[in-house]
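Chains as they are written, first to last, in the numbering used here: chain A, 83 to 421; chain B, 234 to 559; chain C, 75 to 347.
Simulated from the structure, these hints should not be mistaken for laboratory data.
Hints may be right or wrong, so weigh each one.
Estimated spans, in silico, between C-beta atoms of each pair [as the list claims (entries may be wrong)]:
(1) C:Gly217 / B:Gly496: 15 to 25 Å
(2) C:Thr334 / B:Gly305: 19 to 29 Å
(3) B:Gln383 / A:Ile114: 25 to 35 Å
(4) B:Val325 / A:Val131: 26 to 36 Å
Where chain B lies over chain C, by a calculated footprint (3+ residues, C-beta under 8 Å) [to be verified]:
(5) 276-284
(6) 314-322
So, partial list: chain A residues that the calculated Cβ filter (under 8 Å) puts toward chain C [said to hold, decoys possible]:
(7) Trp120
(8) Gln241
(9) Thr337
(10) Gln339
(11) Val341
(12) Pro366
(13) Glu369
(14) Asn371
It should be emphasised that the depicted structure is a prediction, and the values quoted were computed from it without experimental measurement.
By construction, the Cβ of each residue, glycine as well, lies at the ideal position given by its N, Cα and C atoms.
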Amino acid sequence: MEAGGLVAAPSPPVAVRPGRQSTAAWPLADRIGYWLCWATGVALCLIAVGIVVFMLVKGISYLRPALFVEHPSASLHQSQSGGFLDPIEGTLIITAIGTLIAAPTGVALAVWMSEYGRPTPLARAVESAIDVIAGVPSIVLAIFGLLVFSESFLGFLSQNAANGSVYGRSFFAAGIIMSLIALPLIVGSTREALTQIPDRVREASYALGKSRASTIRWVLLPSIRPDIASGIALGMGRIIGDTAIITILLGFTLTTQGVGHAPVLGTLRGTGSTLTSYVYYNSPAGEGNAPQKAYAAAFVLLMLVLLLNALVTRLTVGRSSNRVGLLRVLGFWRLPWTR
Amino acid sequence: MQRRSGRREDQRAERTLGALAVGLLVLIGAIVVTVFVNAWPSFSSNGLSWFGPGGDVRTQLTAMQDSTPLPGHSLEYFRAWPLIWGTLLTTVLAVALALIVSTLAAIFLTEFAPPSVRRALEPVIRLLAGVPSVVYGLIGILALAPLINQHLISNGRRESVAGVVQLNGADLTTATVILAVMITPIMVALIAGALASVPAPWREGSMALGVNRWRTIVRVSLRTARPAIVAATVLATARALGEAIMLSMVSGGSPFAANPLDGLTFLFEPVQPLAATIVRQAEGLTIAALAHTVYAMSAVLLVSAALLSFAGWAAKQPLKRYGIRA
Amino acid sequence: MRAHRTLILSLILAAALAVPATALGKQLIIGGSTSVLPLAQKLASAYHKAFPKIPTPKVGGGQSDIGISGAATGRFDIGDSSRNPIPGVDPKGLVFTKIAQDGICVITSPQNHLQNLSQQTVVSIFTGAIRDWSQVPGAQVSGPIDLFDRDGASGTQDAFQHIFLGETLKISPSATEETSNGLEQNAVKNDPGGAGIGFVSFAYTAGVNAVGYQGVACTLPNAKSGQYGGVRNFWMVTKGAPKGEASKFINWVTKPGNTTVRSIINSSWIAIH
């Protein structure tokens with residue numbers, strides 16, 4: 083066939099990732115769009131890396147090993163001395179309480195929603211309820227918590243004033259409300275994993291004579307342990323990062339102050355601070371006015387987040403069919419663009 | 234034998250777990266009911282004009298704190314418009330900014346970036362998505378606000394609004410920028426994931442027809458990923474709406490309704506979104522009138538969060554068309 | 075069997091929780107004025123040192139109005155106030171016990187070594203009549219004035235308005251409000267360009283420039299001798315006459331001739347007993 087007349091040669095069919103393509107032939111609008119994309123992309127890379135590097139540099143320059151073992155000094159003298167031993171303690175305690183409450187509850191709810199789920203209106207209502215909790219601002223939950231824990235019958239969870247009214251702010255109070263914000267992540271993660279297990283596994287187990295509860299306990303749950311663990315890690319990440327609940331429900335004292343003389347329960351009923359409220363306190367928005375301490379504490383927070391992220395990656399890397407990442411549990415897709 | 238006890242075990246398990254589920258519903262119900270019951274006095278004495286403008290929020294809050302009603306009004310008198318306007322401004326501007334940046338960056342990451350850059354950037358974006366908001370607030374107030382104060386707010390600008398409001402670096406721009414930076418990583422990850430899930434035959438088919446790569450992206454990939462983009466926006470809006478601590482650090486301490494008629498100075502006026510106001514007034518909950526007002530603000534946030542949840546659910550419906558379970 | 079185990083565990087847990095709830099020596103909860111806060115904290119630890127069996131009272135902030143309403147609703151055992159009681163406004167049935175006196179200083183940025191302000195200038199600056207540093211004699215910075223005020227719940231703001239501005243004038247509503255002495259101090263100290271001016275309790279004047287008032291420097295000796303005009307009272311507020319643990323504490327603080335308490339108060343405040 084001779085090529086009579088002008089036949090515009092079409093671009094050859096391209097694979098998913100073509101090499102550099104010449105954009106000279108494109109209309110102006112398209113070229114602008116292309117270069118905008120490049121510009122934004124590069125800018126994003128620069129800003130992202132810039133933020134991380136900035137925090138690392140500032141953090142490392144102000145971080146001293148002594149900070150990890152010293153208690154914070156009295157309020158008005160933050161910039162001179164004192165470390166953040168108590169805030170680290172506080173973060174660990176709050177995370178522990180929150181996770182201990184949210185993990186079994188979350189797994190149980192996910193199991194119910196995925197394996198039982200009757201009556202259906204109830205299941206749908208519970209699903210919406212989980213969505214609502216995931217969306218409610220943590221400050222609203224904190225205000226609600228303040229109201230609840232100030233009731234007199236809950237006085238054992240915080241401190242009783244000498245005249246009988248309840249203080250309402252303690253590690254217990256903050257930890258219990260924290261479990262609420264970790265709950266949706268654990269539920270989502272477990273549920274996703276449970277729905278991934280093919281029905282034939284369950285049918286095989288029933289065929290062997292095991293009851294449903296038994297199947298769940300001995301067959302299904304053990305097989306999704308990494309997903310449950312990554313959901314818990316995500317929940318822990320969210321707990322570590324929340325400041326609003328701490329500011330309102332932890333009765334902001336820089337050092338851990340227990341109530342009464344019981345060894346563990348006294349501390350849990352008392353007040354204290356966490357790394358996040360410590361950063362807030364030492365920033366110009368708080369009274370400590372010690373930006374160096376704030377940077378150092380923020381650096382420690384970043385390290386914790388990095389650790390949790392690495393944990394989640396390690397837990398999910400071996401399971402190609404069950405990639406439960408941060409986004410998956412929110413009900414969206416995995417990250418195939420990183421393959 | 235085993236079947237009988239198995240069935241009883243099953244029933245017991247179902248009942249316990251069902252009770253847990255009901256317990257959760259009761260808890261959510263309790264939260265909603267408590268907030269609204271405590272907010273009712275403030276709404277009932279102000280009516281719908283609770284949402285409207287009228288006077289200075291600060292004088293109204295002071296009146297409640299001092300238990301001295303303003304002349305001619307009740308103790309519960311409150312007009313939340315400056316706060317609502319502040320919330321709308323920061324949320325809408327930040328989400329709009331983040332949406333544009335995230336979409337362009339996501340396109341860059343999935344289509345144009347070399348694989349090494351892509352692999353290096355994923356952990357960075359995941360890290361940024363997980364950073365606590367108070368750290369962003371720290372960067373904002375220690376790095377960005379002084380920068381804006383020194384270079385963008387001149388004395389002339391200060392004088393133009395002197396007597397009405399004071400300008401320092403903590404203002405609408407700082408709040409919007411830091412908020413946008415905070416929600417961008419999540420949006421980028423979501424949109425990039427959606428773009429990469431577009432079936433390859435669709436894109437290849439489009440390019441085989443002679444459509445250049447950019448137009449393929451816009452017409453085919455973006456359109457396919459539209460439900461995901463909408464869902465990511467909803468998620469980001471929910472986060473921006475509920476952000477309390479970070480905004481109370483960087484948005485400036487005045488509950489002032491930034492005035493667009495001020496021209497460019499509008500961008501540098503302080504605002505105080507609803508969530509930030511709640512944080513500031515949280516100590517004063519022993520005073521009844523103040524408590525009712527704070528709960529009223531919480532009720533507004535609660536309703537917005539519920540509406541956004543519903544919007545998110547509605548946005549996920551089109552996904553069922555592609556068989557994507559979400 | 076499993077049910078029995080759960081039952082026993084829950085009983086043990088309940089017992090463990092009940093024990094601290096009935097612990098002897100209830101801890102006092104004190105809160106309110108951020109001006110009284112450092113003094114109350116020092117008094118609380120000295121009280122515990124003097125009577126080791128009594129747990130240290132827990133001291134918080136929140137500003138004076140919160141302290142007064144907290145005492146009225148029972149949230150605090152003792153409320154701290156740095157302003158005088160206002161009949162008709164304060165909740166009924168409260169008893170105010172004076173424990174000390176304090177000075178209020180006008181402060182400026184350390185870059186602005188303003189030596190003295192007359193009453194007229196203070197009034198003009200804080201009501202917003204003067205808006206630029208060029209109109210203030212003795213100022214060492216230029217540009218618009220950055221005014222810092224306290225929140226409506228603050229006793230210091232109340233005291234400042236009464237003492238420095240008179241009964242009728244109010245601080246300009248365009249001022250930036252801070253919710254505690256510490257925040258006010260930081261705001262003025264860190265204000266870029268050194269353009270900030272505000273007022274704090276005397277104990278918070280470290281790192282900022284304390285401005286003299288009507289020719290008298292704002293120092294503790296001047297306040298004690300009565301020469302400095304900006305002096306106000308510190309009160310501890312209880313619902314009705316103080317009883318029980320609260321009365322023990324207040325009696326110890328206000329006992330005439332209590333040298334421990336006197337020396338603590340005299341470090342940054344003015345002892346009156």
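Could you work out which earlier hints the structure fails to respect and list their numbers in ascending sequence?
2, 5, 6, 7, 9
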